[in-house]
Structures are given as C-alpha cells and as structure tokens.
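There are 2 protein chains.
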Amino acid sequence: MVQDWKTLVAAKRAQVAKALPQEWRLPSSILDTVSPTADTNVLDVPAKCGLLTEKEIDITENHDATDLIAKMAAKELSSFEVTQAFCKRAAIAHQVTNCLTEMFFDKALERAKYLDDYLEKEGKPMGPLHGMPISVKDSFNLKGTYSTIGYVSFISRPAAESNSALVDILLDNGAVLYVKTNIPQTLMTADSENNVFGRVLNPNKLKLTAGGSSGGEGALVAMRGSLIGVGTDIGGSIRIPAFCCGTFGFKPSVDRVPFGGQTNPVLDGWTGIMPAAGPLAQSPRDLRLFLETVINSKPWNYDYTALAMPWHPVEDKKTLTIGVIIECPTWPVQPTIIRALKTATDKLKQAGHNIVMLEKFPSFAAATQLSWTFFDIDNEGTGFKHIEASGEPWVTSVKDMYTPPPEGRKVKSLGELLDMNEERLKFRKDWLKVFMENKLDVIVAPGSHKTAVPHDTFRMPPYTVMWNLLAYPACIIPYLKADKNIDLPDSRIPDYDPEAVDGAPCHVQVIARSEQDEELMAAVEMISKVLLS
Amino acid sequence: MVQDWKTLVAAKRAQVAKALPQEWRLPSSILDTVSPTADTNVLDVPAKCGLLTEKEIDITENHDATDLIAKMAAKELSSFEVTQAFCKRAAIAHQVTNCLTEMFFDKALERAKYLDDYLEKEGKPMGPLHGMPISVKDSFNLKGTYSTIGYVSFISRPAAESNSALVDILLDNGAVLYVKTNIPQTLMTADSENNVFGRVLNPNKLKLTAGGSSGGEGALVAMRGSLIGVGTDIGGSIRIPAFCCGTFGFKPSVDRVPFGGQTNPVLDGWTGIMPAAGPLAQSPRDLRLFLETVINSKPWNYDYTALAMPWHPVEDKKTLTIGVIIECPTWPVQPTIIRALKTATDKLKQAGHNIVMLEKFPSFAAATQLSWTFFDIDNEGTGFKHIEASGEPWVTSVKDMYTPPPEGRKVKSLGELLDMNEERLKFRKDWLKVFMENKLDVIVAPGSHKTAVPHDTFRMPPYTVMWNLLAYPACIIPYLKADKNIDLPDSRIPDYDPEAVDGAPCHVQVIARSEQDEELMAAVEMISKVLLS
Numbered sequence: 005m006v007q008d009w010k011t012l013v014a015a016k017r018a019q020v021a022k023a024l025p026q027e028w029r030l031p032s033s034i035l036d037t038v039s040p041t042a043d044t045n046v047l048d049v050p051a052k053c054g055l056l057t058e059k060e061i062d063i064t065e066n067h068d069a070t071d072l073i074a075k076m077a078a079k080e081l082s083s084f085e086v087t088q089a090f091c092k093r094a095a096i097a098h099q100v101t102n103c104l105t106e107m108f109f110d111k112a113l114e115r116a117k118y119l120d121d122y123l124e125k126e127g128k129p130m131g132p133l134h135g136m137p138i139s140v141k142d143s144f145n146l147k148g149t150y151s152t153i154g155y156v157s158f159i160s161r162p163a164a165e166s167n168s169a170l171v172d173i174l175l176d177n178g179a180v181l182y183v184k185t186n187i188p189q190t191l192m193t194a195d196s197e198n199n200v201f202g203r204v205l206n207p208n209k210l211k212l213t214a215g216g217s218s219g220g221e222g223a224l225v226a227m228r229g230s231l232i233g234v235g236t237d238i239g240g241s242i243r244i245p246a247f248c249c250g251t252f253g254f255k256p257s258v259d260r261v262p263f264g265g266q267t268n269p270v271l272d273g274w275t276g277i278m279p280a281a282g283p284l285a286q287s288p289r290d291l292r293l294f295l296e297t298v299i300n301s302k303p304w305n306y307d308y309t310a311l312a313m314p315w316h317p318v319e320d321k322k323t324l325t326i327g328v329i330i331e332c333p334t335w336p337v338q339p340t341i342i343r344a345l346k347t348a349t350d351k352l353k354q355a356g357h358n359i360v361m362l363e364k365f366p367s368f369a370a371a372t373q374l375s376w377t378f379f380d381i382d383n384e385g386t387g388f389k390h391i392e393a394s395g396e397p398w399v400t401s402v403k404d405m406y407t408p409p410p411e412g413r414k415v416k417s418l419g420e421l422l423d424m425n426e427e428r429l430k431f432r433k434d435w436l437k438v439f440m441e442n443k444l445d446v447i448v449a450p451g452s453h454k455t456a457v458p459h460d461t462f463r464m465p466p467y468t469v470m471w472n473l474l475a476y477p478a479c480i481i482p483y484l485k486a487d488k489n490i491d492l493p494d495s496r497i498p499d500y501d502p503e504a505v506d507g508a509p510c511h512v513q514v515i516a517r518s519e520q521d522e523e524l525m526a527a528v529e530m531i532s533k534v535l536l537s
Numbered sequence: 005m006v007q008d009w010k011t012l013v014a015a016k017r018a019q020v021a022k023a024l025p026q027e028w029r030l031p032s033s034i035l036d037t038v039s040p041t042a043d044t045n046v047l048d049v050p051a052k053c054g055l056l057t058e059k060e061i062d063i064t065e066n067h068d069a070t071d072l073i074a075k076m077a078a079k080e081l082s083s084f085e086v087t088q089a090f091c092k093r094a095a096i097a098h099q100v101t102n103c104l105t106e107m108f109f110d111k112a113l114e115r116a117k118y119l120d121d122y123l124e125k126e127g128k129p130m131g132p133l134h135g136m137p138i139s140v141k142d143s144f145n146l147k148g149t150y151s152t153i154g155y156v157s158f159i160s161r162p163a164a165e166s167n168s169a170l171v172d173i174l175l176d177n178g179a180v181l182y183v184k185t186n187i188p189q190t191l192m193t194a195d196s197e198n199n200v201f202g203r204v205l206n207p208n209k210l211k212l213t214a215g216g217s218s219g220g221e222g223a224l225v226a227m228r229g230s231l232i233g234v235g236t237d238i239g240g241s242i243r244i245p246a247f248c249c250g251t252f253g254f255k256p257s258v259d260r261v262p263f264g265g266q267t268n269p270v271l272d273g274w275t276g277i278m279p280a281a282g283p284l285a286q287s288p289r290d291l292r293l294f295l296e297t298v299i300n301s302k303p304w305n306y307d308y309t310a311l312a313m314p315w316h317p318v319e320d321k322k323t324l325t326i327g328v329i330i331e332c333p334t335w336p337v338q339p340t341i342i343r344a345l346k347t348a349t350d351k352l353k354q355a356g357h358n359i360v361m362l363e364k365f366p367s368f369a370a371a372t373q374l375s376w377t378f379f380d381i382d383n384e385g386t387g388f389k390h391i392e393a394s395g396e397p398w399v400t401s402v403k404d405m406y407t408p409p410p411e412g413r414k415v416k417s418l419g420e421l422l423d424m425n426e427e428r429l430k431f432r433k434d435w436l437k438v439f440m441e442n443k444l445d446v447i448v449a450p451g452s453h454k455t456a457v458p459h460d461t462f463r464m465p466p467y468t469v470m471w472n473l474l475a476y477p478a479c480i481i482p483y484l485k486a487d488k489n490i491d492l493p494d495s496r497i498p499d500y501d502p503e504a505v506d507g508a509p510c511h512v513q514v515i516a517r518s519e520q521d522e523e524l525m526a527a528v529e530m531i532s533k534v535l536l537s
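The listed protein sequences derive, respectively, from chains X and G.
Position in the first sequence counted from 1, then plus 4, gives you my numbering.
Position in the second sequence counted from 1, then plus 4, gives you my numbering.
There's no promise every hint is true.
When the alpha-carbon atoms are kept at most 25 Å apart in a straight line, the in silico BS3-like pairs for lysine-lysine are as follows [claimed, not checked]:
id	chain 1	residue 1	chain 2	residue 2
1	G	K302	G	K443
2	G	K147	X	K430
3	X	K75	X	K533
4	G	K443	G	K351
5	X	K321	G	K302
6	X	K302	G	K125
7	G	K321	G	K430
8	G	K430	X	K147
9	G	K437	X	K302
10	X	K322	X	K351
11	G	K302	X	K443
12	G	K433	X	K302
13	G	K346	G	K364
14	G	K302	X	K322
15	G	K79	G	K59
16	G	K389	X	K430
17	X	K117	X	K322
18	G	K353	G	K533
19	X	K437	G	K302
20	X	K533	X	K351
21	G	K147	X	K437
22	G	K321	G	K353
23	G	K430	X	K302
24	X	K414	G	K416
25	G	K416	X	K416
26	X	K443	X	K533
27	X	K322	X	K346
28	X	K430	G	K302
29	G	K117	G	K79
30	G	K211	G	K52
31	X	K16	X	K111
32	X	K117	X	K75
33	X	K416	G	K414
34	G	K22	G	K117
35	X	K433	G	K302
36	X	K117	X	K346
37	X	K147	G	K437
38	X	K433	G	K147
39	X	K414	G	K414
40	X	K302	G	K443
Derived by calculation from the structure, the hints in this document are not laboratory data.
Given the sequences, and given the hints that come with them, work out the whole structure.
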C-alpha cells in the first residue's frame, strides 16, 4: 500500500512480458494494428503470421481435443509437439487480444515430455486427457503460479502453494497446463478489463468486448490457442465470453465440476447464487470429454464442496421437446440473435424435434433484479475492498455497474436474505411448472439480447443470470454471425448499431433443469448436429 | 386468538378421538396402566390385547414391507386386509403411546380396496409400494387432512389443499396412507410433546422419551403399527426416535428424498442446515425399498427443491473400511452405547471388515454450537411466534432448550451468517480429510451419548447434528439393549441412571459422505447382516 500501484503493475507486466519467448513475438506490422478501437478480425493471424509451422497449424486448426488426444494415445503425435503448438498459438493470440495473465510454457513443455515418457514406459496414457494442453481462468490455483485475478493488491501475494481441486483432477487425467487467462476487475462484469493485465479484445473484431468474466478464455479458445478452456460462471461468465467470441460454453449445475481451492474475490462464506466452473470449447464432444472426465474422477474426493453425483447415462431420445423463448418484454433482443433463434427453431422443427413456443414464463426483469441483490449480499463489499486496498481506480465497467448510490451501499439484514431465498424458490417453482406442463426436455433461448458490443457497453446479462438464479445448467452454441445487411435497425433497441456489431458471432443458449447436465450435454449434441452440420 | 387455547385443543382432541373406532378401543385394564411415569413395556400389547385376529398378528409381526408387498402382488394377501391390520395395530399403538395425530382409516380402507381392484383389473401392481400402508409425520400434507404440527394456532387452519411432493410419490407408487404421527412443539426437541396432541411415550418403557421430532413414527414403527414411517431430520429428528424406540432410521442427504410441500414451522427462505425426509423401518431392505422407490420416481419432477440425482448402483465391495468413533471428549457416552459400539466393532472385525479406530476428528462441541447458531438463524423466531399466537405455553423441552437469555434473543447479522458458512465449510474440509486419509467407506459412531432417557431430559444431540451440519447421510441400526447388570454407573456421567434406562434399545450409527446414500445403504445392509444375523 505504501508503494504506488502503478509501480507494482509495471513490475508485474514486466514479469508477464518476460514469460513470452522472444522468438514467438509478432512483427510490429501486426502489433501496430492492435487497438481496442480497431475493426480488425485477428482470427487468421496465427495461420498467417509465419510463426507456426505447417504441422503446428494443422494440429491447432484441423482437430478438436478429442481427436488430438486419440492421436497422442496412438503415438501419431507427441504431447510435446501438441503442447508446443498450443503454447505458440496461445502466445500469438495473447499478443493480439491480451487474453493471458500467466504463461508457463517451459513448465508445460517439461510436463509434456514427462507424459510422452510416461506413455512410452507404461504403454498407456495417464488418463483421458493425456498430453492435452488445457487453459484455465486466472482464479484457478496452480502450485508455484500467481493468482492475481486482476487486483493490484494481490500482486504482492506469494505464488499458490497448492492446486485448485479441478487443477489436480486435470493433471491426474494427464492434462498439460500452460497458461492462465484474463478476467475483469472483481470478476463481476462482462468486460474483461483490469488494471494489472489490461483489457481482453474480441478476436472477431478488436473493438468489441470479448465478454466476461472468463473473457480471456473466450478470446483464446476462439483463436484456437486452446481447445478446452476452463472458466467460471455466476451470472454468465462462461457463456458471455463464449457467445461474444463464438465458442461453445457450458455452465454446469453448481458443484458438479469442483469449484474449490480457487483464489476468490469474495468471502469464503458467500451464500445465495453460487458459481460453477465449466468448459469453453470448439466442439460439443470436447465439452463432453471435459465433463465426463472431470466427473468420472469423483471430484468429491478432491473437494469438500463438490457434489458426489456420478455422471449417468441418459435415455436415448430420437427427438426432443424444446421450449423456445425468443425474448422477454423487458429486454428486446437484437435482430441478429432473433434471426439465429428463429433459424435454429425452423431447422430443429424440420429435423423432427417438437417445438413449443413459450409465451408465458417467469419475469427476467424480476430475476435479474433479485440476482443482483444476491450479488450484493456481502455487506463488507469485499470484492471492492480488494480494489481500494492498493489505491488503483475502478475500471469503467465496474464503475458503470457498481457505483453505489449517493446515500451509500445499502446494508442488508439476515431477514432480507431469507426473503430473497423465498423469492428465489418461487422462481424454481414456476420454472418447474413451465418444464412439466410443456413436457420440455430443454429450453432454447437467447444467451443475451446483445452480441458482443463495443467495450464497456455490455452491462446487464438477464438472459444468462436467470439460469444461475435457478442453478440450472446452460450451454451456448455458437451459431451464425451478425450481418448489417440482414439484421436491420430495430426501433425498440436504440443502442443496437448494425455497423458496429457486423460480423460478431451469434448463438443460441440451451438450458436444462438443475443437475441435468447429462441431459443438457446430450441435447447440445443433438441440437448442434442439426444446426452446424 | 380470542378463543381460549384450551377450548381449541379440547375441540381438536374430540375430533381425533372420534377418528378412533369404538371397536378398536383397548380395555381400561390396559389403558389404566398407561402413564408417562410407568416402567411398562407395551410392545406386546397389540398381540395380547385380543383386538387383532391371528392373521392380523401374523401380517403385522412376521413380515417386513418388502415381503408383504410381494405377497400382495402375488394376491396371497389383499391390500384391504393388510391395511386393516395396520390400521388396527396403529390404533392400538396410539392408545398406549399417543403416537398419532390424524387417523383416516376409512379413507385408507377405501384406497386399499381401490388398489385391490386395480390389481385385479390391470393385472399388475400400481407400483413398488402397491397396497402397503405407510405412515407420515404430521408435517406432511395430504389433501383434506389437517397439518397442525402441534401448534394450537394452527388448529383453525383449513385442511391441506394439496399433497406434499413425497405424498404424491408414495401414492403414485401404490402406497396407502392411513395415519399421521406426533411431534414436539416447534419440531426442534427430542421430546415429542405439544399442547395439541400431548406427549409420545416410548413403547419400550413408557417413562422414557420416544425421541423427536419424529417421535410418533419411532413409537409407531417400534410397535409395528407401521413398517415404513416417514420422518424428517434437521438435527437428528429421524435418528433420535429410531434409537430411542429401537428401529432403523435413515436420514438421507439433503433434497434426495423430496422435502417440499410440507407444513413448516419456519420461514420458507430458511438457510444454513437444511432438513431431510427419510424412513424409519424394521428392516434394512425396507429402507432400501423406500429410498429406491422414491428416488426412482424422479422427485425432481414433483418438487422444485429436490436434487435431480438418480439412484445409482454401487461398487460391490466384500469388505468395508470402517472408521469407528467411540466418543468425543465433550460428551462421554453411556456404558450401554459404548458396549453396543465395542461389540459391533469386534463383530465387524471378525467378519473381515477393516476397522480404523478414529482418535482425532473435528470437534463435536464446536459443531453442535455452530449448528444451534444456524437453528437460530431466523431473527423473527417464527417457530416461537406460532406458539405465542394462541397463548398456549411453551412445553418443558422447548423451554429448557430455547428460553432466551435475560437480555433477549440475539439478533444476527448477514455478516455473521457468512462467517458461520465459512466455519461450516471448514468442518466439511476437515471431515473429508478424515475420510480420505483413512480411506474410509463409512464411519460407525454413537447416534447419541444417551439411550432413551426419562421425559424432558434428553436435550442436545451432538452425535446426530454433526452429520446434519455436514449434510452427510446417516443411519441408525438398532442393536442390543441397556442392561443395568452389565452397564454399570460411570463417574464421568452423573446423570446416567442404569435403573432408569434398563431395557432401553441401544444402537450404532453409520455415516457416509454427502450424497452417498447408495453407499450408506449398502454399508447398512452389510453391517446389519453382521450384527443382527
């Protein structure tokens, strides 16, 4: 606190810069085009920049993780070459989107070599993730690595002395960790900016937000600098970066993927809406690989907060009954996303699925308000105190969403919490009714009323946070792109700018009831098959 | 509130008395011996009183529910005759222990007849509980029946307009409901006494407590007036009556057996330690029948609070690794129960199970204190307000345990709750360590430091509430009886009176980690086989 916060940041940034090998640096011809106001799409930079070999381009572009792992198990590829390809590609992605916080490529390559030796010696892979590089959000702890989570006041904390439960599980299954990814200050906005690591840019269009809070994962996975990235989600933090950047993003039910042992911006005794860890990926089967591997590893033996619920097979259905929500009255949805939803609905109907258009459902406005009251449950404002501890300023998106009213933050009583719990249960009751009365397997709905939008203009995420309030699992399927020539202005949405978001990824969100992660996974595979093949 | 509370009670009692058929009344020669200070064991009254036919004695004494259901499915017995036998036996049990609140024998017999016709017409049973009478705690709602839960202020409430989720599931599986069972005022003591229905007596010895809060179930099931009774447990309320009365009592993990739609003494938004519904029974396989049937019915389709976790098969182990706790330093355990535990441990060792004597474990004293702080989470004291609403007095056990200090009840802040949550997580962390470091499948521990004791002297239940704090499932196995000639006085326990508790049932408690109800059920079957065969 004595030291000026900018000095601390400068030192931290120098440390990060040093972790980026000289020989993987992009030429200034590319770097000079990088700016948070540029219209540039940088998704093709890795293939075109000349830093990757043909083989590295093939490894990172033409396979999903499931495929690469099979090739490593068959010794067609080594973990070393796969890891090196993704280390390089992640380094490239970072230079154009600022998606990383910590890079530990040497450690990763050492681990990859160890795994190659292991396979040679043991004659079998270490586990279902053998040899595969997996990226994790900065909040996950990895022994010997820092978890700053974007707070200047956390810079001086020592490196982690133990692994998060999920990190242990990934390692026990043969994964290689190589990078941690960037997030917003407080982890509670959809703009992944903080004073330590700066802002994540959207690789589809640098001037758009990459989403948040797992924004670094969104950008990195979209650029195929990682094929399985791990985020966390308490209001949309896996799904928002997924749909902003154009990847799959699966928010599981609470406590099925172990959340324990992370560096947390809030109090340990946090109550109300609970966060969930989950994967961002480029294919549904990589989501399944991650979920099945993690849950089959019995997370409850690693983490005292994990649910001891085995992964179970689901009924093999040929057709689904799908409830479709196009929009709620409070937040009209951009034409871009309505087009994606309607096109998807038509295709699903044609494919023989049973579609129920939902006109009446519980209020997204009330749910969003209730959720934000839950997020403000800590009267101490611990997440904000961590900002103030160093004297660093609030970033714009935090200021926009959380500046207290002139009379100050409202102190909540225990009685108010009990009332909130009751209101929340009412939502669970009403949504169960929607599911049962319509015999729904899943709901398809917008993940947001907006695609990625210019930085610091995203704000409230009503279409994701509803499902956090209910503790329902939900998954983003990337689908179609915004097109200014088709998705014309809508007088109901004055801030919709077809030009600004042209080219931004669109999506649909698929939702199942709580703990029905298996059913959701199966539905995502079925729906993706219809939409994307 | 205008009406004198005693007038309301008199009217309610007259209504209850009317529900007891004249022809099932016990002679005064028996009734005159019933008193809360009598040494009498009334377990043999049903067989000896002359009200039951030979066949009814056979039906109620020589079979468990699993067996009777098989016989009904095979048409060797009708549901009508089975139901009539249990209606009569429950009526007898009630007259000597005061275990019932509501009796609806006519409705039950009508339902039984319907089920017999159904079997005839459909050629198959309605479900795995076809034709079987099942008793439920007074808090469960059944359309057209009252749920007074022992509050005078609830007497004037109308009969339930809908069923509890669990009641719907039981009925959908072919069960017959016939009685609801007695509980303590507030549901928060181990002495099932209230001003509406009076006090439940222990059939093993009338002067001892039947336990609580599911005390009516304990007495009824012990007398075989029911073979499967449903209780609820937030601090021991299934297990305490089970071990007081000498039955099995299985407290599942939270929300696996649906809890929703009950008449509740507390606020709907209650948080912290959550209650669980579960069975009391006379055989382990009846516990399994209940649990598998309920969970296979997908409670999450009935109840928005139920966990969508299917019942899963468990690894077939030949031997278990069992951690054994004999006692904690704060609450020395009666010689009666220590003898049961040590005898059980020896037998289990002889049977080839791996025994780990646990000497170091988290503090039962701290856990009990924390639990009681959680139970006081509602600053409104809603459970007490329901007493005060009618002007009825607090019963002795409620007075003893909950009389506020002279300075009044302490108002808790939201921040205190978050601190409590954190402390609770620490317990989960520490117990996981105990399980993992010792590679335990289950723990065997006392369910209490006391057997059933004279009325209003039971008080704190540290050995049950620990597992509620953790949300771990736990099950009582009735085992051995207190014997004044063997279980001699212990200077560490001045209030242990070998004479008073002579003949009281002893027990062991088996505990598994949260959501491991399947593993616990399997362990209870294995351990029961060793102990009881």
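So, going through the hints one by one against the coordinates:
For the given pair, G/K302 sits about 32 Å from G/K443 by alpha-carbon distance, which is inconsistent with the 25 Å threshold. At roughly 21 Å between alpha-carbon atoms, G/K147 and X/K430 fall within 25 Å of each other, so this suggested pair holds. Restraint check for X/K75 and X/K533: satisfied, since their Cα atoms lie roughly 24 Å apart, inside the 25 Å limit. At roughly 20 Å between alpha-carbon atoms, G/K443 and G/K351 fall within 25 Å of each other, so this suggested pair holds.
For a cut-off of 25 Å, the pair hint linking X/K321 to G/K302 stands: about 18 Å separates their Cα positions. Between X/K302 and G/K125 the alpha-carbon distance is near 47 Å, which puts this suggested pair outside the 25 Å criterion. The hinted pair formed by G/K321 and G/K430 fails the criterion: a straight-line CA distance of about 30 Å is larger than 25 Å. Proximity of G/K430 to X/K147 is assessed by CA-CA distance (about 21 Å); at most 25 Å being required, the pair is judged to hold.
A threshold of 25 Å between alpha carbons decides the hint, and for G/K437 with X/K302 the separation of about 15 Å falls inside it, so the pair holds. For the hint pairing X/K322 with X/K351, the CA-to-CA distance comes to about 15 Å; that is within 25 Å, so the pair holds. The hinted pair formed by G/K302 and X/K443 meets the criterion: a straight-line CA distance of about 14 Å does not exceed 25 Å. Restraint check for G/K433 and X/K302: the C-alpha separation of about 16 Å stays at or below 25 Å, so the hint holds.
Taken as a hint, the G/K346 and G/K364 pair is honoured in the structure, with Cα atoms around 18 Å apart against an allowance of 25 Å. Pair hint G/K302 plus X/K322 holds up; C-alpha atoms about 21 Å apart against a cutoff of 25 Å. A C-alpha spacing of about 15 Å is found between G/K79 and G/K59, which places the hinted pair at or below 25 Å, so the restraint holds. Restraint check for G/K389 and X/K430: the C-alpha separation of about 24 Å stays at or below 25 Å, so the hint holds.
For the hint pairing X/K117 with X/K322, the CA-to-CA distance comes to about 44 Å; that exceeds 25 Å, so the pair is violated. At most 25 Å may separate the alpha-carbon atoms for a hinted pair to count; G/K353 and G/K533 meet this at roughly 13 Å. Our distance criterion of 25 Å between C-alpha atoms is met by X/K437 and G/K302, whose separation comes to about 15 Å. Between X/K533 and X/K351, the direct Cα distance comes to roughly 11 Å. Compliance with the 25 Å bound is thereby established for this hinted pair.
As the CA atoms of G/K147 and X/K437 are separated by approximately 20 Å, the hinted pair is consistent with the 25 Å bound. A hinted pair counts as satisfied when its Cα atoms are at most 25 Å apart, and G/K321 with G/K353 qualifies at roughly 15 Å. Straight-line distance between C-alpha atoms of G/K430 and X/K302 comes to about 20 Å, which keeps the hinted pair within the 25 Å bound. A threshold of 25 Å between alpha carbons decides the hint, and for X/K414 with G/K416 the separation of about 17 Å falls inside it, so the pair holds.
Restraint check for G/K416 and X/K416: the C-alpha separation of about 12 Å stays at or below 25 Å, so the hint holds. This hinted pair checks out: X/K443 and X/K533 have alpha carbons roughly 22 Å apart, not beyond 25 Å. For the suggested pair X/K322 and X/K346, the alpha carbons sit about 22 Å apart, so the restraint of at most 25 Å is met. Pair hint X/K430 plus G/K302 holds up; C-alpha atoms about 20 Å apart against a cutoff of 25 Å.
Proximity of G/K117 to G/K79 is assessed by CA-CA distance (about 13 Å); at most 25 Å being required, the pair is judged to hold. Straight-line distance between C-alpha atoms of G/K211 and G/K52 comes to about 21 Å, which keeps the hinted pair within the 25 Å bound. Of the pairs offered as hints, the one joining X/K16 and X/K111 holds, with about 19 Å between alpha carbons and a cut-off of 25 Å not exceeded. Taken as a hint, the X/K117 and X/K75 pair is honoured in the structure, with Cα atoms around 16 Å apart against an allowance of 25 Å.
The hinted pair formed by X/K416 and G/K414 meets the criterion: a straight-line CA distance of about 17 Å does not exceed 25 Å. Between G/K22 and G/K117 the CA atoms are separated by roughly 23 Å; this keeps the pair inside 25 Å, and the hint holds. For a cut-off of 25 Å, the pair hint linking X/K433 to G/K302 stands: about 16 Å separates their Cα positions. Restraint check: the Cα-Cα separation between X/K117 and X/K346 comes to about 48 Å, which exceeds 25 Å; the hinted pair is violated.
Restraint check: the Cα-Cα separation between X/K147 and G/K437 comes to about 20 Å, which is no more than 25 Å; the hinted pair holds. Simply put, X/K433 and G/K147 have alpha-carbon atoms about 19 Å apart, close enough for the 25 Å limit, and the pair holds. Of the supplied pair hints, the one linking X/K414 and G/K414 holds, its CA atoms being roughly 22 Å apart against a limit of 25 Å. The suggested pairing of X/K302 with G/K443 holds, with an alpha-carbon distance near 14 Å, which does not exceed 25 Å.
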